[in-house]
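J.: Each chain is listed here by its residues.
There are 2 protein chains.
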Amino acid sequence: MQEVKIALLGAGTVGAQVARLLTVHQDELNVRAGAKLTLIGVAVRNINSQRDWDIPSELLTTDAYSIIRQADVVIELMGGIHPAREYILEAFKNGASVVTGNKALLAEYGPELHDAADEAQVDLYYEAAVGGAVPVVYGLRESLSGDRITHVLGIVNGTTNYILDKMTTKGLSYEVALKKAQELGFAEADPTADVDGFDAAAKCALLASLAFHTRVSLSDVPTEGIRGITPGIIASAKANNYTVKLVASAKRREDGIELFVGPALIPNAHPLANIRGVYNAIVVEGEAADRLMFYGPGAGGAPTASAVLSDLVAAANHKANGGFAPRELVYGDTPILDGSKATSRYQLKMVVQDSVGVLHAIMGVFAKNNVSISDVSQENENDGKENTCYLTVTTHEAVYADLQNTIDELNNASQAVTRFTSILRVENA
Amino acid sequence: MQEVKIALLGAGTVGAQVARLLTVHQDELNVRAGAKLTLIGVAVRNINSQRDWDIPSELLTTDAYSIIRQADVVIELMGGIHPAREYILEAFKNGASVVTGNKALLAEYGPELHDAADEAQVDLYYEAAVGGAVPVVYGLRESLSGDRITHVLGIVNGTTNYILDKMTTKGLSYEVALKKAQELGFAEADPTADVDGFDAAAKCALLASLAFHTRVSLSDVPTEGIRGITPGIIASAKANNYTVKLVASAKRREDGIELFVGPALIPNAHPLANIRGVYNAIVVEGEAADRLMFYGPGAGGAPTASAVLSDLVAAANHKANGGFAPRELVYGDTPILDGSKATSRYQLKMVVQDSVGVLHAIMGVFAKNNVSISDVSQENENDGKENTCYLTVTTHEAVYADLQNTIDELNNASQAVTRFTSILRVENA
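Listed in order, the protein sequences are those of chains A and B. Heads up: the first sequence begins at 1 in full-length UniProt numbering, then just goes up one per residue. Heads up: the second sequence begins at 1 in full-length UniProt numbering, then just goes up one per residue.
Think of the hints as simulated: they come from the structure by calculation, not from any bench. Worth double-checking, as some hints may not be accurate.
[Unchecked claim] Going by beta-carbon spacing under 10 Å, a handful of chain B positions derived as facing chain A:
#, residue
1, G34
2, E127
3, V134
4, G171
5, L172
6, E175
7, V176
8, L292
9, F294
10, N321
11, R327
12, Y400
Cβ coordinates follow ideal geometry from the N, Cα and C atoms, glycine included.
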């Protein structure tokens, strides 16, 4: 068997597990790759750090370039943009294939990296960048390569799913649920990247690029977080057979690709509604395949390492035996739609004046702005004041700009609406 | 781009969709395969049959060998054992790769076919053989190639899942639910292959072979059907937070591979409990990956065709650009365990004499046979006779032979048990 030399960059939670599995399962991995996998070095910032698994000290180095230049396959698990980008470009320059789990880097520099891999005629694999062990990158890149994908809708951030799940099942407030997630290590001390949706937006960009054979970057994705989700919103969703989830959505429409990351109401009959805790799940709809779902742990050292190793086996197989990974082809000229043109169903909850003619006036504003309504319900409990009540309006598919005009007009020009308490997208069952 | 010539054998529900998608999406498929895909012929039994999609008449032939001998890739969708096996062997002999959805053939002649493909150094792909569009073959063969799989547990037969789902959600009897499935085209006039578990057993053999890198055939799989599932069993499961599902299970134990197809109690918190209607879902547990699930339509022309086309794209890519599919490697010497050695938790319901000392006597028989009990409950409603009541016993992990001895002894030697009303495996949450 031909030897394939592997350089590992980073030995954190995932990197240490990759080194462990490469050692413990070496014989099986060699058989599967059709190659003799040899770990030639592990680049780390600090040789003496404590690690989840003891990497033989002769493999450790602080000089990443020294091992990159000898490698056939480079595994990049250090994270961050720089110097990860420079290391990967150096790997390609030296004819090595690359396996990475760096979603932030791919969402920002994906096109550059794919072009560099193509030019060097080597592979760029990144299963671990979306959904941890969940093989959705494989699914989109290979399993559905004979189909035309219409919609990708996923729970791709375990932290926010944990928080929303605890709010739903235990009735916790956002603050308490976040604190619990932090205590359990499911959320960072600074939770911004997760709770404001940026992590999910980077994954959304990767999924959309793959699904629609185009180049989507982070800045293309309209993104909302979950800080504004209250127990009241959760309770009201439950009462109406919905579950609130932070979703990443990428949809093919006739005029372009529509993207969204943010909280949405998922009908309880939808398979995503039942995804609990820190698990991830991605629903992929194809013209022929109908609806598929990929489900599993979205994070964690060993699960993510499993995804890295499957990429490594494929990349090493190609190095030793020929062939290559599917290229990230761009074809067609489907534009990415501006967020204002997105269409969705929406549910708006508002506090309104409880007097004759108010409902009529509000409906008039919706109609004038071309937003068609499927459902209106008024709740008797008032807002603590006399003369007000809650109104819940669910729309048919509406254009976001039209919805926004409706909201602005109701906020500014109408005496009928005191305030909006929530505005959420509604996914179809 | 290099031309890759494709011969299609069979133009039934799936074959006609494959021909349609190959024609309609030709440009996209060519780009993805990195090859010019040319359908050179479609072998059918009767040229003049009515089909779901009109195949150009100049492509139709009744002489399969004539197109097989010119092809680079042969797609076999005719079903049955003979002459499908002979056609596929002829394809390999001529250096063509093969894509098939023929689970019965693979479960019986898999080893022969894999060996023939290896010898010819061509690909044998069969995503459509398990779970329709659900990419579980891909998942096991490629996405989890860096992991060590411990358990595959799946709902792989849509017909029985539909029947059990209707019994559960609508309270139908087995007979009425079966009739409804037949009316909707979800069950055959002769439903034996589905309801007696044989279809699921063939898929179980394929999944186990893939997951554990060994050769499992249909006859290795202890198989039970669902004809004995009564509304009473369903109702009792529901009351105890279980759902009855026909599952295919393949588990790696220290001493070998344990296989089972049959009805089982799935805890409602388990992701398989929520799989509705004719959908399929396969849970795969890996040492590193934790628990993944693949979900989607398990049958239907277009979904299954989507799986066939993804295989075609991969096979054509290899033909044009080098590389090959992962080989079905056999390594290690893990034996397939005899069904009597299988271990599982079980739930037994029985009608027992309602008198002092009976429970003690029954518990004694379990203990003597080494079956440890986790839970006992007695129901007050009697069996229509005086002096009897229902007893439900749930065991810890027990060896099947020990359980069988317990049952035999209680049936034959004991006055305490009038009869057993159900004996079901219980899956862990």
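J.: The structure should be examined with respect to each hint, and the outcome stated for every one.
T.: Comparing the hints with the structure gives:
Interface hint at G34 of chain B: satisfied, since its Cβ lies 8 Å from the closest Cβ of chain A, which is below the 10 Å cut-off. Taking 10 Å as the C-beta contact cut-off toward chain A, the hint placing E127 of chain B at the interface holds, the least distance being around 7 Å. Hint on V134 of chain B holds. Least Cβ distance to chain A is approximately 6 Å, under the 10 Å limit. With 10 Å as the threshold, the beta carbon of G171 of chain B stays out of range of chain A, its nearest partner Cβ sitting at about 19 Å, so the hint is violated.
Here the hint on L172 of chain B is broken, as its CB sits about 19 Å from the closest CB of chain A, past 10 Å. Residue-level restraint check for E175 of chain B is violated (minimum Cβ-Cβ distance to chain A is 27 Å; threshold 10 Å). The criterion of a C-beta within 10 Å of any C-beta in chain A is not met by V176 of chain B, whose closest approach is roughly 23 Å, and the hint is violated. Residue-level restraint check for L292 of chain B holds (minimum Cβ-Cβ distance to chain A is 4 Å; threshold 10 Å).
For F294 of chain B, the interface hint holds, since its Cβ comes within 10 Å of a Cβ in chain A; the closest pair sits about 6 Å apart. Given hint, N321 of chain B at the interface with chain A, holds; its Cβ is 7 Å from that chain's nearest Cβ, closer than 10 Å. Taking 10 Å as the C-beta contact cut-off toward chain A, the hint placing R327 of chain B at the interface holds, the least distance being around 8 Å. Hint on Y400 of chain B is violated. Least Cβ distance to chain A is approximately 29 Å, over the 10 Å limit.
This entry does not satisfy hints 4, 5, 6, 7, 12, going by the numbered hints stated previously.
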